[in-house]
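**Q** If you want the building blocks of each chain, they are given just below.
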Amino acid sequence: MKASAFDYARASSVANALELLTAHGERARVLAGGQSLLPAMNLRLVTPDLIVDIGGLDDLRGVAVNGDVLTIGALTRHTDLLKSPEIAAHAPLLRDAVARVAHPAIRNRGTIGGNLAQADPASELPACMLALGATIIARGPDGERRIAADEFFAGIYETALTPQELLVAVELPVQPTDSTHYFHEFARRHGDYAIVGLAAQALVRDGRFADLRLGFFAVGDRPLLAKSAGELIDVAVTPAVLSAVSSALDEELSPLGDQQATPAMRRHLAKVLLTRCVSSLLARTDLCAGVSA
Amino acid sequence: MTATVAISLSVNGELVEASVLPRLNLADFLREHLKLTGTHLGCEHGVCGACTVRVNGDIVRSCLMLAVQTDNAKVETIEGLSDSGEIADLQSAFRERNALQCGFCTPGMLMAAQDLLQQSPTPDREQIREHLSGNYCRCTGYQAIVDAVETTARARTGRLP
Ligand SMILES: Cc1cc2nc3c(=O)[nH]c(=O)nc-3n(C[C@H](O)[C@H](O)[C@H](O)COP(=O)(O)OP(=O)(O)OC[C@H]3O[C@@H](n4cnc5c(N)ncnc54)[C@H](O)[C@@H]3O)c2cc1C
Ligand code: FES
Ligand code: FES
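Order-wise, the sequence lines are chains A and B.
Okay, so the first sequence: first residue is 1 according to this note's numbering, each after it adds one.
Okay, so the second sequence: first residue is 1001 according to this note's numbering, each after it adds one.
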């Protein structure tokens, strides 16, 4: 199908984009990479009156390191994240995750800002934002706002952004050089949205977790930073401990069913990922014995 | 009624000026306005890859780009790559290895394959599969397509097939 008719405005600056959004409110939509918006418009799920194209705002594109903060501009494309030496050095979890977002031709256009604003519960990057402790920076008619990642995602395709606001950047703390990460998703095909996935960032010292942040995706209406991970910090992890945490994780999940998987299958896969993640991060194959998927 | 927008771009090396409605996507612009029908449309929501073209050197889905977004851009379609001889070896490998049946997916497959070979000249079969994973072939000729890309990679880097 084709998109229905709309007006088009090419934003000349962030200020200009904000003026257009303020003037047109919910009748307008921001166009970044278009890799989620245009399919939705072609399917007529979304029928905006005005498209505000921010694609030309080059100052919103790029990765910069300043002290211990990594700033990623909203228009930084998936392909830029994959190729960025700063991301590889300071947030390698993100690099591993982006490699699983869609396909090369889509990664060439899709942006991190668009991906986070889209807030698809099966999407990889929102879960990474939780695991990495990101801050989302939004600009609106009243100036700039900083939103913690765990307050940003509000539901399926729902975020803390108002229709007048633009997501301008994401800030991530530079990860300590001795931190480790784990990323895995179950998908039907490389590049497809996940059936269930896990993005984890950890600090392991003397065989114990000094820190562990587990960002699950496709296990509910928004990405989940598992609270049960707290039970694994600063303790000697045994199969019994892991089994208790696995049960606690089960309580936290509220997976949805679709053509890909039932809620029960998603629960099972989330627990499989938990076990594999912990045993991989601690380099303890004994913890993984008997787990299959 | 929405207004048309004037655009000026290069398509396969030629300057094109046009006035288009914002809702017109790049694939339809190429096919219907410029009669470059090598770019195919399958799904119109980014899933099948049949509409893959190059914009400023990068492969993109032309069904997920508006023609108005290509103002000042350099667009290259399968006709351009074919006429310049850039992918002549890849095309003959597709013929020789029987990597095209109905040919509907072929333009998109060639675009994606050439993109891979430019970025990594010696890909293994797994990398080839991964790079082409966004392109559907409804005749399901995947093995033969991977063969053809692999053969071309070997020939280009002077390795025996
Ligand atoms: C076949 C296919 C497979 C895909 N697979 C995956 C996948 O596996 N995982 C995954 O995560 N994604 C996947 N995607 C989506 C893709 O990653 C998109 O790139 C991304 O989700 C949206 O980014 P975009 O820049 O294209 O945003 P757009 O499509 O331009 O915009 C998306 C939404 O965000 C809003 N928006 C965009 N930028 C801003 C901003 N700066 N401020 C405020 N609002 C903004 C738009 O108004 C719109 O509502 C897939 C897409 C396709 C077509
Ligand atoms: S028609 Fe563009 S991806 Fe299918
Ligand atoms: S050859 Fe027919 S779709 Fe691929």
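For the record, the hints were derived by calculation from the structure and aren't laboratory data.
Since we're looking at a predicted model, the values are computed, not measured.
Yeah, the Cβ is synthetic: ideal placement off N, Cα and C, and Gly gets one too.
Just so you know, not all the hints are guaranteed correct.
[Unchecked claim] Cβ-to-Cβ under 8 angstroms is the rule here; a few derived chain A residues that face chain B:
| hint | residue |
| --- | --- |
| 1 | MET1 |
| 2 | TYR8 |
| 3 | ALA102 |
[What the hints assert, rightly or not] Beyond 10 angstroms from chain A on every Cβ pair, some chain B residues (computed):
| hint | residue |
| --- | --- |
| 4 | LYS1035 |
| 5 | SER1084 |
| 6 | PHE1104 |
| 7 | SER1133 |
| 8 | LEU1160 |
[Unchecked claim] Below, a list of computed lysine to aspartate or glutamate pairs in the DMTMM-like style, where the Cα atoms sit at most 25 angstroms apart:
| hint | chain 1 | residue 1 | chain 2 | residue 2 |
| --- | --- | --- | --- | --- |
| 9 | A | LYS2 | B | GLU1130 |
| 10 | A | LYS83 | B | ASP1115 |
| 11 | A | LYS2 | A | GLU19 |
| 12 | B | LYS1074 | B | ASP1115 |
| 13 | A | LYS83 | B | GLU1096 |
| 14 | A | LYS83 | A | ASP120 |
| 15 | B | LYS1035 | B | GLU1079 |
| 16 | B | LYS1074 | A | ASP211 |
| 17 | A | LYS2 | B | GLU1032 |
| 18 | B | LYS1035 | B | GLU1014 |
| 19 | A | LYS2 | B | GLU1076 |
| 20 | A | LYS83 | B | GLU1130 |
| 21 | A | LYS83 | B | GLU1126 |
| 22 | A | LYS2 | A | ASP49 |
| 23 | B | LYS1074 | B | ASP1147 |
| 24 | A | LYS2 | B | ASP1071 |
| 25 | B | LYS1074 | B | ASP1028 |
| 26 | A | LYS83 | A | ASP49 |
| 27 | B | LYS1074 | A | ASP49 |
| 28 | B | LYS1035 | B | GLU1096 |
| 29 | A | LYS83 | B | ASP1124 |
| 30 | A | LYS2 | B | GLU1017 |
| 31 | A | LYS83 | B | ASP1058 |
| 32 | A | LYS2 | B | ASP1124 |
| 33 | A | LYS227 | A | GLU251 |
| 34 | A | LYS2 | A | ASP80 |
| 35 | A | LYS227 | A | ASP211 |
| 36 | B | LYS1074 | A | ASP59 |
**Q** Determine for every hint whether it applies to the structure shown.
**A** Going through the hints against the structure:
1. MET1: OK, holds: MET1 of chain A within 8 angstroms of chain B, min 6 angstroms.
2. TYR8: holds, 4 angstroms
3. ALA102: Hint holds; ALA102 of chain A Cβ to chain B Cβ min 7 angstroms, cut 8 angstroms.
4. LYS1035: holds, 19 angstroms
5. SER1084: holds, 20 angstroms
6. PHE1104: holds, 17 angstroms
7. SER1133: At about 5 angstroms from chain A, SER1133 of chain B fails to clear the 10 angstroms cut-off, so the statement is violated.
8. LEU1160: Non-interface label stands for LEU1160 of chain B: nearest chain A Cβ at 28 angstroms, farther than 10 angstroms.
9. A:LYS2 to B:GLU1130: The given pair, whose Cα atoms are some 29 angstroms apart, is violated under the 25 angstroms limit.
10. A:LYS83 to B:ASP1115: Measuring from Cα to Cα gives roughly 15 angstroms; hence the hint holds.
11. A:LYS2 to A:GLU19: Roughly 28 angstroms between the alpha carbons, so the hint for LYS2 of chain A and GLU19 of chain A is violated.
12. B:LYS1074 to B:ASP1115: holds, 16 angstroms
13. A:LYS83 to B:GLU1096: violated, 35 angstroms
14. A:LYS83 to A:ASP120: holds, 24 angstroms
15. B:LYS1035 to B:GLU1079: The hint holds at about 11 angstroms.
16. B:LYS1074 to A:ASP211: violated, 48 angstroms
17. A:LYS2 to B:GLU1032: holds, 14 angstroms
18. B:LYS1035 to B:GLU1014: Measuring from Cα to Cα gives roughly 14 angstroms; hence the hint holds.
19. A:LYS2 to B:GLU1076: holds, 23 angstroms
20. A:LYS83 to B:GLU1130: holds, 17 angstroms
21. A:LYS83 to B:GLU1126: holds, 20 angstroms
22. A:LYS2 to A:ASP49: The hint holds at about 15 angstroms.
23. B:LYS1074 to B:ASP1147: Measuring from Cα to Cα gives roughly 31 angstroms; hence the hint is violated.
24. A:LYS2 to B:ASP1071: holds, 21 angstroms
25. B:LYS1074 to B:ASP1028: The given pair, whose Cα atoms are some 17 angstroms apart, holds under the 25 angstroms limit.
26. A:LYS83 to A:ASP49: violated, 36 angstroms
27. B:LYS1074 to A:ASP49: Given that 25 angstroms is the threshold and the Cα spacing comes to 28 angstroms, the pair is violated.
28. B:LYS1035 to B:GLU1096: violated, 29 angstroms
29. A:LYS83 to B:ASP1124: It holds: about 20 angstroms lies between the C-alpha atoms, which stays within 25 angstroms.
30. A:LYS2 to B:GLU1017: Status holds; Cα separation ~23 angstroms.
31. A:LYS83 to B:ASP1058: Distance of about 14 angstroms is within 25 angstroms: holds.
32. A:LYS2 to B:ASP1124: Measuring from Cα to Cα gives roughly 38 angstroms; hence the hint is violated.
33. A:LYS227 to A:GLU251: Answer holds: LYS227 of chain A to GLU251 of chain A is near 10 angstroms, not above 25 angstroms.
34. A:LYS2 to A:ASP80: violated, 29 angstroms
35. A:LYS227 to A:ASP211: holds, 12 angstroms
36. B:LYS1074 to A:ASP59: Holds, at roughly 22 angstroms.
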